Amino acid sequence: MSDTHAQTVAFVRETALPPAPPPASEAGVVGWMRQNLFATWANSLLTVAAFYVIYLLLSGTLPWVLNGIWNTDSLAECRETLQGQVAACFSVLTERWHQLLFGFKYPPEFYWRPGIAFLLLFLAAAPVLFFDLPRKLLIFTAIYPFLAYWLIWGGTIWSPVFVALGIAAGYVVFERFGKQSFATGFFGGIAAAAVVWMLAGYITPMIAPEQPYLEAVQSRDMGGFMLNMILGVVCVSLSLPIGIALALGRQSSMPLIKWICVVFIEFIRGVPLITLLFVANVVLAYFLPPGTTFDLILRVIIMITMFASAYIAEVIRGGLAALPTGQYEAADSLGLDYPQAMRLIILPQALKISIPGIVNVAVGLFKDTTLVSVISMFDLVGMIRGPILASTEWNGVYWELFSFAAVLFFVVCYGISQYSQWLERRLATDHR
Amino acid sequence: MTALTDPPKESFRLSMLINDTRYRSLTFQAIALLVLISAVAYLASNLMANLAAAGLNISYDFLGDPAGYDINQTLIGYTSQSAHLQAAWVGILNTLLVAFLACITATILGVFAGVMRLSNNWLVRKLMSGYVEIFRNIPVLIWILIIYAIMTVSLPAPNAFRGDSPESTMLLDSFAFTNRGIYIPSPIWGAGSIVVVLTFVASIIGVFAYRRYAKKLLFSTGKLLPMGWPSLAILFVPTILMFFIMGQPITLDYPELKGFNFRGGLKIGAPLIALWVALSVYTGAFIAENVRAGILAVSKGQTEAAAALGLRPGRIMNLVVLPQALRVIIPPLISQYLNITKNSSLAIAVGYADITATLGGITLNQTGRAIECVLLLMLFYLVISLGISAIMNTYNNAVKLKER
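Chains as they are written, first to last, in UniProt numbering: chain A, 1 to 432; chain B, 1 to 404.
Just chain A, same shape as in the assembly (with noise of 0.2 Å):
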C-alpha cells in the first residue's frame, strides 16, 4: 500500500488559491495580437504585409490631405503657395463649393431653399425610418414632398397646395369606398382626383399673384449634388409602389396582366441606365404630344423611376416566393379578398424580407444619378468634369474634386446601408 493517502500527508491546503490573471501572453493586447495577428507563420507574414499595404497607402495620402491648402483664388496661386511640395489644393472646394453642391445657375440668394428642404427632409423621412416614433409625424412626411417642391421651385403655393388637395380627395373616395369593393375605391380615388386636378387647372392661374412669395427657379437651374439628391429621393420613393405592383402583377393568376409585368421588368433589367438616359434625353420628346416640352428633369425621373422599379420589382418578388404557402391559405381561409390578403398578411412579411433587397436597389440608384452627367446635366460629377475643371483657375485639379465627390457618395451611401443593418436587426422577429 502507498503511503501517500490522504492521513500521510503532511499539509494539505484548507484555502483555495486567489485566482490568478491570465498569463500575459494570453490575455489583454498581447493576447489579442497572438490571436489575430500572428497565430501563425502565415499569420504573421499577412499582417506584416497588411502593415506595408497600409503604410504605402498613409504615406502617400496624409501628407497630400495634411498640408492641403484651403484658401487660395486658383490653382496657379495654390502651386505658388506650395512651392513645390506635393499637397492637395482644398481651395477648389472653399471657393466652388457652391457650385458642387447647388449647381452654377441656382440663384445664389436662394441657396437657403434648398438647405432647408435638404434638412427638413430627415424631419419627413424620420418617422419612415424610425417607426418608434410618434405615427402623427407622418402627418409632416405627408405634407413633405409638395413643400419641398415649393421651396426648390418656388413659384406659386397654389400648384402644390392642388396637387394635394386632388391627392387628398382621391384618398378620402376610397377610403369612404375601398371597405366595400377595392375596384370602386380606386378607381373612385383616381377620378376625384382628376376632377380636382381639372379644376385647379382653371382656378390657379386666376388667384396665383404676380408676384410669388418664393421666386420660380427653372429646373434646368438645378445642379450639383443636390440634383443627385432631388433624383434619388424622388425616384427611389415612386419606384417602391410602382415596383411593388409590377412585382404582384408579376406573380398574378391573370395571364395577360403578369406577361405584360414580365415584359416590362425583363427588357429594363436588360439595358442599361444609360441607353434610358438617352431615351429620356432625345427620343422621349418624340412619342409626346407634338408641341408639348417637357422638362429635361421630369424625362430623367420617369426613366429612372421605371429602371428603378423593375428592380425593386425583382426584389419584391424574391420576398413573395419565400413567403411559405401557408400564408396565401391562411388568408383565404379567413376569407379575406385579394387587396386585404395582400395588405394585411402577404405583404407586410414580404417587405420585411426584402428590406436588404430594397436598400441596396436605393443604393444603387442613387450612384446611378451621376450617370445624368453623360447626358449633360450638371450634377455632381457633371459640375466637376464640366464648369469646374474647364475652367482656367482650376483647370487640373482633379483629385481633391473627385475625392470630395467620392467623400459624399461614400458618406450617404454607407449611412444608407448600416441604417438598412440596423433595421434587419430591429426587424428581426423569428428568434433563431
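Careful: at least some of the hints might be erroneous.
Per label pair, the in silico range of CB-to-CB distance [to be verified]: (1) A:GLU77 <-> B:ALA157: 18 to 28 Å; (2) A:ASP332 <-> B:ALA44: 36 to 46 Å; (3) A:GLN180 <-> B:ALA305: 54 to 64 Å; (4) A:LEU133 <-> B:TYR60: 52 to 62 Å; (5) B:ASP65 <-> A:THR81: 47 to 57 Å; (6) B:ASN397 <-> A:VAL29: 47 to 57 Å; (7) B:TYR395 <-> A:VAL86: 45 to 55 Å.
Far from chain A, by Cβ distances over 10 Å, these chain B residues were calculated [as the list claims (entries may be wrong)]: (8) LEU51; (9) GLY64; (10) SER82; (11) ILE142; (12) PHE177; (13) PRO313; (14) ALA349.
Output of the computed footprint for chain A on chain B, the stretches with three or more beta carbons under 8 Å from beta carbons of chain A [to be verified]: (15) 121-133; (16) 143-149; (17) 339-345; (18) 364-378.
Rather than coming from a laboratory, the hints here were simulated on the basis of the structure.
If you're wondering where the values come from, they're calculated on a predicted model, not measured in any experiment.
Note that the Cβ used here is the ideal one computed from N, Cα and C, for glycine as well.
We have chain A; now place chain B onto it with these hints.
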C-alpha cells in the same frame, strides 16, 4: 331520397363582371388590354405626327453611309470611310472585349477579397472590408474618371522616354506605361504558327481528357493518379516542342519609340485600361461579398464531417465546401457579369469606343437618327442580357439541390 340537382342557372348580370371571381379576372384583363392598346396607339400616333412634322421617317439606310469619324481602338478593320454599320461592329467587339477582360479580373479580385475577408487575421479582414465598403459605396462613374485621371495625369507622356537619359524607361525594354496607354509586345504569326496554336488547343483538350480519365479510375478502382504536374506537362510540353520543331514561327514585335510616339507592339489605350480597371475593382467588391456569403452558407458541420472522414484541408475545400458554396456563389456572380457588361456602357465618359459611344454617341449625333440608334443599342444589350441569363438558368438547373 336525395337527388342532386344542378343549382338553378343564374342569368348573367352585368355586376358579375366585377363581383364574381369567375369573370372578374377577365374583366381586369380586358381593361388592361384596352389601356395598353390605347396607350401604344397614343404613343404611336404622337410618334407619327412628330416624325411627319420633322420630315423624318424610320429607316435604317443610314447604316450603309460612310461614318466619317475615326476610332482609336479597333479590333477589326475600320477607316473613317467605313460604313456606320462597321463602326457599330467595332463598338460591339470593343464592348465585348472590355466586358470579357473585366469579368476575369473582377472574379480573381473578388474571390481573393472574399476569401481574405474570412481570414483569421484581424488586420487583413479589416483591410478587405475597407476595400469592399469603399468601392461599393462610391459610384462606378467616379471610379472610372479617377482611374482615367491617374492614367492621363500621373503617367509620363511618350516623349519622356526619349533621349540618352530619359525621364522614364521601359519595363524590361518591352512594356511602356504612358499617358496614352500601355504599349506591350505583340506576337507576329509566322508560317507554321498555326500548327503550334493547334497543338496548344489539342493539349488543352488533352488535359481535360486526362483529368476525366483519372477521375473515372478513382471512382472505379480507388486508385488516385497525380493531377497537378501531369496536367501542366500535357499543357506545355507538346506546345513548346512543336514551337521548336516548326522553327520558332512566333516572334514578338516590340514597341519602339519613333518620333513622337511608340511604333510597333500592341497599344492598349488609356480609356480601355481605365474602364477595365475601374469595372474590375468596383465589381470585384460586389463579387467579394457574394463569395463570402457563399462560403459562409456552407455549414460548419460539413467541414467537420469531412475532417472526421479523414480528408485533408485541401480536399475538404475541393470536394466538400466549394461544390456547395459554388451553388450559392454562381447565380449572383453571373448577375455581376451582366452588370459589368451593362456598366461598360459608361465607356462614353472616357472616350472608349464601345457600342454606346459609336452607335449611341457619334453615329446618333451625326445622323440624327435617334430612334433607330437607341433601338439598335437596346436590342444589342437585350440580346446579351437574355443570352447570359439563359446560360445562367441552364447552369442553375444543373447544379441546384435535387430534392425529392
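Evaluated hints:
1. A:GLU77 <-> B:ALA157: 18 to 28 Å: holds, 26 Å
2. A:ASP332 <-> B:ALA44: 36 to 46 Å: holds, 42 Å
3. A:GLN180 <-> B:ALA305: 54 to 64 Å: Given a distance of about 59 Å, which is inside 54 to 64 Å, the answer is holds.
4. A:LEU133 <-> B:TYR60: 52 to 62 Å: holds, 58 Å
5. B:ASP65 <-> A:THR81: 47 to 57 Å: Since B:ASP65 and A:THR81 have Cβ atoms about 55 Å apart, the given range 47 to 57 Å holds.
6. B:ASN397 <-> A:VAL29: 47 to 57 Å: holds, 53 Å
7. B:TYR395 <-> A:VAL86: 45 to 55 Å: Cβ of B:TYR395 to Cβ of A:VAL86: about 50 Å, so the range 45 to 55 Å holds.
8. LEU51: violated, 7 Å
9. GLY64: Answer for B:GLY64: holds, closest chain A Cβ roughly 22 Å.
10. SER82: holds, 23 Å
11. ILE142: B:ILE142 not clear of chain A: closest Cβ-Cβ about 6 Å, inside 10 Å.
12. PHE177: holds, 18 Å
13. PRO313: Check passes; 13 Å lies beyond 10 Å.
14. ALA349: Its Cβ does come within 10 Å of chain A, the nearest being 6 Å, so this is violated.
15. 121-133: Check passed, 6 qualifying residues.
16. 143-149: Holds, because 3 residues of the stretch 143-149 of chain B bring their Cβ atoms closer than 8 Å to Cβ atoms of chain A.
17. 339-345: Answer holds; 3 residues pass the 8 Å Cβ test.
18. 364-378: Per the Cβ count (6), the hint holds.
Hints 8, 11, 14, counting from the list given before, are not met by this structure.
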